[in-house]
Structures are given as C-alpha cells and as structure tokens.
Amino acid sequence: MVTTIRSTDLDFTTIKNNLKLSLKNNTEFADYNYEGSGLSNLLDVLAYNTHYNALIANMALNESYLTTAQLRSSVVSLAEAIGYMPASKTASTATVNLSVNTGNLAGRPSVLSIPRGTQFNTTVDDVAYTFETIGTLTATDDGFGLYVFKDNLNQEAITIKEGTNTRKTFIVSENSIDTTYVIPDKNMDTTTAFVSVFDDLNTTTFATYTDLKQADAIDDQSKVYILRETPNGFYELSFGDGYTLGKAPAAGNKIVVDYLSTNGPVANGATTFTPISQVSVTTGSGTNSYNLTTTTVTKSVSGSNAETLESIRKNAPFSYASQNRMVTAVDYAALIKRNFGYLIKDIQAYGGEDAVRKEYGVVFLSIVFKDDVTQQTIDKTKGDITALATQLQVITFDVKFEDPDITYLETEVNFQFNPKFTSSSVQEIQSRVDDVVTNYFANNTGLFNQSFRRSNLLALVDDVDPSVLSSRADLKLQKRFVPFIGTTESVTLRYASPIAEPSDEKPVIQSTPFFLDGYRVEIRNQLDSYKLQLHATATDTVYIDNVGEYAPSTGIVSLTGIKVDSIIGGNNFIKISADAANMSVSSPGQNQIVVFDDGPSFVQAKIVTTS
Amino acid sequence: MARQLSIEDGNLASSILTSRQKSYSDIDLLFDKKPSGDIYKKQEAAAVKQAVKNIVSTNRYEKPFNMTFGSNITGMLFELAHSQMDRSIEQDIRSTLHKYEPRAKIMDINIVSNPDAYSLRVRLTFRVLTTGEVIDLETTISRLR
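Sequence lines, in order, name chains G and R.
When you read off a place in the first sequence, starting at 1, and then add 1, the result is the number in the numbering used here.
Counting along the second sequence from 1, when you hit position 96 you're at 80 in the numbering used here, and nothing is skipped either side.
Treat the hints loosely; a few may be bogus.
To be verified - Facing chain G, a subset of chain R residues (Cβ under 10 Å, in silico):
1) D12
2) K25
3) K26
4) A29
5) K37
6) T42
7) F49
8) L81
9) K83
Unchecked claim - 20 Å max Cα-Cα, derived EDC-like pairs, lysine to aspartate or glutamate:
10) G:K576 <-> G:D475
11) G:K381 <-> G:E81
12) R:K17 <-> G:E490
13) G:K607 <-> G:E429
14) R:K33 <-> R:E122
15) R:K25 <-> G:D152
16) G:K346 <-> G:D399
17) R:K18 <-> G:E29
18) R:K33 <-> G:E29
19) R:K33 <-> R:E117
20) G:K25 <-> R:D12
21) G:K25 <-> R:E28
22) G:K371 <-> G:D464
23) G:K255 <-> G:E311
24) G:K576 <-> G:E429
25) G:K564 <-> G:D546
26) G:K315 <-> G:E81
27) G:K187 <-> G:D259
28) G:K381 <-> G:D404
29) G:K564 <-> G:D464
30) G:K169 <-> G:D186
31) R:K83 <-> G:D45
32) R:K37 <-> G:D45
33) G:K21 <-> R:D12
34) G:K224 <-> G:D242
35) R:K25 <-> G:D45
36) G:K607 <-> G:D380
37) G:K381 <-> G:D399
38) G:K607 <-> G:E490
39) R:K37 <-> R:D22
Keep in mind that the hints were calculated from the coordinates and are not lab data.
If you're wondering where the values come from, they're calculated on a predicted model, not measured in any experiment.
From the three backbone atoms N, C-alpha and C, an ideal C-beta is built for every residue, glycine too.
Take these sequences, add in the hints, and give me the full structure.
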C-alpha cells in the first residue's frame, strides 16, 4: 500500500499519477481518474507546480557542475571560478612582407614607420575582410630608397590580423573599488587587447597593463588586468585591488582598451592583401605618398570561434590541476593547449626520463598542429611556447620539440557482395565502402593515443548495405624517409607496431622504387630472412645484397649504407611498407600517431550469389 | 487452528461481491464551507454534471500537458460567425465528452449562437450511465466587453 507520495519523478504525468496513488488511500473522493472532475483540476495544479519546482531544482543542480551544465554562461562561470578563462573568438592571422620604394627621393628620412592598425583589404569566398597590423613597424633606408618594414622582433615577416580595430574608453570614478568595465562586443579577440591607463583625461603618457595570464609574479605594483567573458557573451575588464593582486587604477584615470573585433574563422584562407592607404614620406620640400608593396608570406589561418562548451569542459580541470605552473608533463600540455589551442589539434608532453632515448632534465613536446597552420607559424609558435615555459616553469627544464612520428597505414579491404540484396551496382557499393574506410580513419586516427582497430572498421563496412555479406581487411604499416640524393646514409625507422615475421612466399618489407646507378631498384627483405636487399625490378635480381635489417618485435627497420640517385613518382620521399604482425590493431606508442595513406589502399568487392 | 470454509462451501459469514457499486464523489468547486469546516462534496450525478460542465467550459491548450482536453467553446466566441458554427461546436463538445467523460452518454446538444450579442448558449442533455439519471446542463457564455 502506498503511504507516501513518491517524489523522485520529474515529469508531469508521473507526478500526477503519484498524487492519484496517494488519493486512492482516501475513500472520501473517488473521481480523480476522470479528467473533467474538480479533483483532477486540482491535481493538475499540484502536479504542474511540483513539476515546475522539480525542473528548476534539477536544472539548478545540473548547472552547478562543470560536467553537467548546459548553458554557456554556467560553463564559463564555473570554469572561471577555477581560474580558467575560455578563449574568445580569435582573429585569422597572415604574414606578409611590406616595403616602400621611394626611388631616389632627395632628403628622404633614414627611417620610416607605419602605425599599428594599418589596414589591408582581402576577400575570402567573395566576402571582403580587413586585416590590420598589430604593432608599429619600422623600416630603414637601404641606400637606394627601398624601405623594408620589420616588426619589434626585427622580423620581416609581418603579422596581420583580421578585424576592426576598436577602442573603448572608461573614466575611473570615485568609489570605483571593484568596478568592472564592460566591453559589449561578442566578437572581441581578447588576445589582441591592449590596455593602457592614463593618469588623467588630457595626458598622453600612459602605463601599459598586461594580461594576468601572462603574469608570473604579482604584488601591489603589478600592472595586470583580467579580461573575462560575462554570462551574456560580452567581456568585462577588471583590475587588482591595489593591495595584493596588482595595481588598481585610481579615480580620475582614463582606461583605454584597444582590440580587434573579428569575424573569426570565416576569414581563413585569404592570400592577397591590398593596402588601403599609402605611406607618407616627409622631406624638407614636402610630403609624398608611396604605395605599400605587399607580398604574402603565409595565407591567413587559425581564425576561430569562441571556445566551445565541450572544449572548456575538457580543458578547465586540467588547467586548474596545473595551477598555471608547469610542473608535471600534463601541466605543460594543459597550459600550452590553453595558450595556443587555436593552432593545435593535439599535444603530448613527456619527461625525458620516459623518452625512448632517455634524456634527463628535458621535457619533450610533441604537437600535432592544425592542417592549415604554416611551417613559419609552427616555428614561431614553438618559440612562443619555449618563452611561455620559461615563464611558468617551477624547475628549469629544457623544452624540446619532437615532431610526431607518423606511421602511415595501408589497408586492403575485401568484401563479399550479393547483388540480389540491393538495387545498387557493385561500383556504387564499392564507392560507399571506400568512403566509410576513409571516414573511419579521419575520425579515429591522426591524434595521439588513437588506434586503428580492424573490427571497428569492418563493423562499419558490414553496415554499409545488406548486400555486403562479409568483409576482410589486411593491414600494412608504412614509413617514409626523405633521402639526401646521391649521398650514402644510414636510416632507422620506428614503426608504430610490430612487423610480421619473414615469410618464404613473399617479402614482408617492400619500398617504392627509386633509381641507383641507373637501375630501378626497391628495398625488400630477403625471403625467410630479416636481411634487407636492393632488388633491381627489371631483372628481379638482387642488386645489393645487404642494406640493413629489420626487427619484427620492435618494429624497427635499419637501413645501412643506402644511397638514392633519384626518386620515381614525383615525391621527395620513399615509402617503405611492412606487413603488420597483428592486422587487428595498430596502437601507436609515445610520440607516435597513425595516419591513413589512401594511395596504396584499396577496396575490392567479390560478387557472390550465396547469402 | 481455526478452520474456515469457502463461501461456496457454506461459509455464510461473508458474502461474495458480485458487482461493484460505482460511487462518484468529487470536490465542490464552489469551495463552500460546511459548518464543520470541511468543504462540500459533489456526489453521484452532481459530480458527473460538474465534470461535464468543466469539460465544456475548458478551452483547448488550457489543461497542462493535455492540449486536446476541452470543447473550446470560449475560443469559438472570438471566431468569425458562420452558418456551420453551431454544428462545429456541437461536434467538438460531443467528441471531447466522448473522450474524457465516459460516465455520461450524450442524448442531445442544442447550440444557440447569437452573433449580434457575441454570446453562445449550450444546452446539453445526457444520461449518467450507472444510475440512468437524465440531466440537463445549460450554460451561456458571452464576451465581457
């Protein structure tokens, strides 16, 4: 017998039914089951009220935890409470070379400068965007009237960012303790913010404040600001308390915030930049204007939207655990991801003591950059990461970058196809299977700790169509090496998983062909042996008997005294494929990733009439 | 140990319940107070009549999470008057009572609409199925302004 009202359900109907169950114990009224009855109407009100309160309580509780919160305002607020500032929209960035040629202009200055905010027009997908310089640039006369501009790091590759330079000015009033200054712009790129504090309204001298995230020590004189996202998606600026958390602007001060209001990722891919204005060159006889010559070094990349909820949910706890200090390897990964997440797909950090070749006092960083990030940006980012590490390290370790060790995977997928079960042709089904294979690799490989699992792939293949009766897949591992043409060298290749034992039927190791001494040769292992040989393909004879060996269990191929005169096929590398010892799985180890090589992979249908 | 026979075998101390007497009792929505402090109850045919009146005077979407409940005649007050309106209202009342008030069998529905006065009179005759009692219900609705 029900003696109490069950109070664990949330939905209206269940709550109302629970109330009815309770009323059944009371013989006074009997009409609660008829929807038109007065009692039913009262139950409606009670159930609705309970449902409403339960929903609010449930939602309030959900929104209180980082892992369950659904509203962006809640997730951002919870992340900020543990010191994690979610990334704002990020401006697309390109690098250009800028110069002005004044010719033989008499009385020209020895140094020219162009200000921060010099604009360039460009289009992406027929939509116009404006890029701007982010600092003052200077150039020196080369003696012939040519001025090549450099940034404050003396680099000729000038960074320009997409967006509109926006300024917000605030006056610090009396009683402004704990004042926050609201910047009502959801498109703000907080990384471009430049905060200056003037003593009063009229002065031109100012103090520059820096982001708290970049601060390594804070006292009452530290000039730091905090820029955080507000619940409505805007941003608010705040300062220290003037005692322990940094200097607070005083009453009468003027705070000026300059930043880029950006369109984010839509401006990625711009290649041609046209200066909006000319450069003025003043001489004793007047002022002349010259065109700014722009040469694109790298196209615009890495513009992104504000950090997603899932990203905040994932990164905030790690960032909190690291406490803005690089102590453990995970701290390095978390803090680098926080600062350079817009460029990075995945990162792995490990101590030198755990490296394959042990190196103590070193932290190794292996980074998978996003596809559109250029080598120049990668090089610059690595420098920035080293600088960040220097700032946030508790103990001094060397930071070394170890590029991800890529093992390519080749698959041969065969499936049995019965045309009775489909109206599609074998070619159509084959094409769909091919797409499934490509998608599987795109979604499940390419990052650290992502493995190839054949059963998962074949499950997807089997589900393509009822006409696909069964499937099979063979796996080959492939490494690539870039030879020094015409030079004899030794190379060691480490595959992501073990290689098959040698067979007496066919070689386990086989390379793509290349030319040596006028012969078309390829690397193979001798049948039933670990020894590697150079085979002349025209005569199918051994050209050089011993060019190294391979170790199946460790997956290491050692090439000794190998020389390449030229490579066939237009690549600058030679592919060396090896049969996998275990075709079912390839789990990359430290610093390794596996990536699909579509070229030699194929999908083949076998037509059968059985079911 | 006490032994007991079944009723069929001669235990006349108990009786078999062969049919269950349906008893309707509902709260009186007037919420008038008895001298004892309790509120009055509606019983039997009066309870059914109150339920029918509730259904007829409820608009669609008015009852939480049950959008089809109600005959929607109040809503019809604000529709344009047309020749088939009476018939449409009658069908709405008939279908909603059929669905939500199984205790009543409709015998007659009479709709008198007066578009000039923005009013509508519904006269409903139904029989309470358990008692056979025939009940007339008349309600008039009109715009307040």
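Report task. Would you list, in rising numerical order, the hints stated earlier that this structure does not obey? Result -> 4, 11, 12, 15, 16, 22, 23, 24, 29, 36, 38 and 39
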